[in-house]
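Chemist: I would like the entire structure built from these sequences, with the hints used as guidance.
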Amino acid sequence: MGEQKRKETLKNDFIFGAKNYKFMLIGLGCIALGFALMAGGGSDDPNVFNPEIFNWRRIRLAPTLVLLGFGIQVYAILLNPNKDADSKK
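So the sequence shown is numbered by my numbering: it starts at 1 and just counts up by one.
Hints listed in this document are in silico derivations from the structure and should not be mistaken for laboratory results.
The reader is advised that the hints may include incorrect statements.
Stated by the list, open to error - In silico SDA-like pairs for lysine to any residue, Cα to Cα no more than 20 Å straight-line: (1) Lys19 with Arg58; (2) Lys19 with Gly29; (3) Lys83 with Ile72; (4) Lys19 with Tyr75; (5) Lys22 with Gly40; (6) Lys22 with Phe54; (7) Lys22 with Pro81; (8) Lys19 with Phe70; (9) Lys19 with Gln73; (10) Lys83 with Gly34; (11) Lys22 with Leu78; (12) Lys19 with Pro81; (13) Lys83 with Asn20; (14) Lys19 with Arg60; (15) Lys22 with Ala76; (16) Lys83 with Met24; (17) Lys19 with Gly69; (18) Lys19 with Gly71; (19) Lys19 with Leu68; (20) Lys22 with Ile77.
Claimed, not checked - Have a look at the derived ranges for each label pair, beta carbon to beta carbon: (21) Asn50 with Asp13: 48 to 54 Å; (22) Arg57 with Tyr21: 28 to 34 Å; (23) Leu67 with Asp45: 31 to 37 Å; (24) Leu25 with Arg57: 19 to 25 Å; (25) Asn82 with Phe49: 52 to 58 Å.
We treat Cβ as the ideally placed atom computed from N, Cα and C, and that holds for glycine.
Modeler: The following block contains the structure:
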């Protein structure tokens with residue numbers, strides 16, 4: 001009887017809720033997209049300079065997406081998934 005009660009009280013709860021994981025996946029997608037946009041622009045010949053490495057996409061857009069993704073990750077970690085349940089009490 002005591003062991004059955006213990007099993008009932010021990011619940012495998014996740015640390016984060018489904019809402020947190022959705023935001024984490026969105027943040028991870030932003031980070032991956034930012035790094036993908038940063039890739040490329042190099043030259044096959046080391047003696048030839050390719051000015052494509054200094055275009056707007058690699059200098060402004062991609063780092064902004066990466067920082068936005070990290071911001072979304074922080075928000076996902078700090079988000080309280082039980083906020084609606086707590087306010088109804």
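Chemist: None of the hints should be skipped; say for each whether it holds.
Modeler: Hint by hint, here is what the structure shows:
For a cut-off of 20 Å, the pair hint linking Lys19 to Arg58 is broken: about 31 Å separates their Cα positions. Under the criterion of a C-alpha separation no larger than 20 Å, the hint pairing Lys19 with Gly29 is consistent with the structure, at around 16 Å. The hinted pair formed by Lys83 and Ile72 meets the criterion: a straight-line CA distance of about 18 Å does not exceed 20 Å. For the hint linking Lys19 to Tyr75, the alpha-carbon distance of about 11 Å falls within 20 Å, and the restraint holds.
The straight-line distance between the Cα atoms of Lys22 and Gly40 is roughly 30 Å, outside the 20 Å bound, and the hint therefore fails. With a C-alpha separation of about 34 Å, the suggested pairing of Lys22 with Phe54 is violated against the 20 Å cut-off. Of the pairs offered as hints, the one joining Lys22 and Pro81 holds, with about 11 Å between alpha carbons and a cut-off of 20 Å not exceeded. Distance restraint check for Lys19 and Phe70: the Cα-Cα separation of roughly 17 Å lies within the 20 Å cut-off, and the hinted pair is therefore satisfied.
A C-alpha spacing of about 12 Å is found between Lys19 and Gln73, which places the hinted pair at or below 20 Å, so the restraint holds. Proposed proximity of Lys83 and Gly34 is contradicted: the alpha carbons are some 31 Å apart, above 20 Å. A hinted pair counts as satisfied when its Cα atoms are at most 20 Å apart, and Lys22 with Leu78 qualifies at roughly 13 Å. Among the hinted pairs, Lys19 with Pro81 is consistent with the structure: their alpha-carbon atoms are about 6 Å apart, no more than 20 Å.
Distance restraint check for Lys83 and Asn20: the Cα-Cα separation of roughly 12 Å lies within the 20 Å cut-off, and the hinted pair is therefore satisfied. For a cut-off of 20 Å, the pair hint linking Lys19 to Arg60 is broken: about 30 Å separates their Cα positions. Distance hint between Lys22 and Ala76 is fulfilled; the C-alpha atoms sit about 8 Å from each other, no more than 20 Å. A C-alpha spacing of about 18 Å is found between Lys83 and Met24, which places the hinted pair at or below 20 Å, so the restraint holds.
A C-alpha spacing of about 16 Å is found between Lys19 and Gly69, which places the hinted pair at or below 20 Å, so the restraint holds. A C-alpha spacing of about 16 Å is found between Lys19 and Gly71, which places the hinted pair at or below 20 Å, so the restraint holds. Straight-line distance between C-alpha atoms of Lys19 and Leu68 comes to about 18 Å, which keeps the hinted pair within the 20 Å bound. Our distance criterion of 20 Å between C-alpha atoms is met by Lys22 and Ile77, whose separation comes to about 11 Å.
About 53 Å separates the C-beta atoms of Asn50 and Asp13, a value consistent with the hinted range of 48 to 54 Å. In this structure the supplied range 28 to 34 Å holds for Arg57 paired with Tyr21, their Cβ-Cβ distance being about 30 Å. A beta carbon spacing of about 33 Å between Leu67 and Asp45 agrees with the range 31 to 37 Å that was offered as a hint. Leu25 and Arg57 have their C-beta atoms about 24 Å apart, which keeps the hinted 19 to 25 Å range intact.
For the pair Asn82 and Phe49, the supplied restraint of 52 to 58 Å holds, since their beta-carbon distance comes to about 56 Å.
Of the numbered hints stated above, those contradicted by the structure are hints 1, 5, 6, 10, 14, listed in ascending order.
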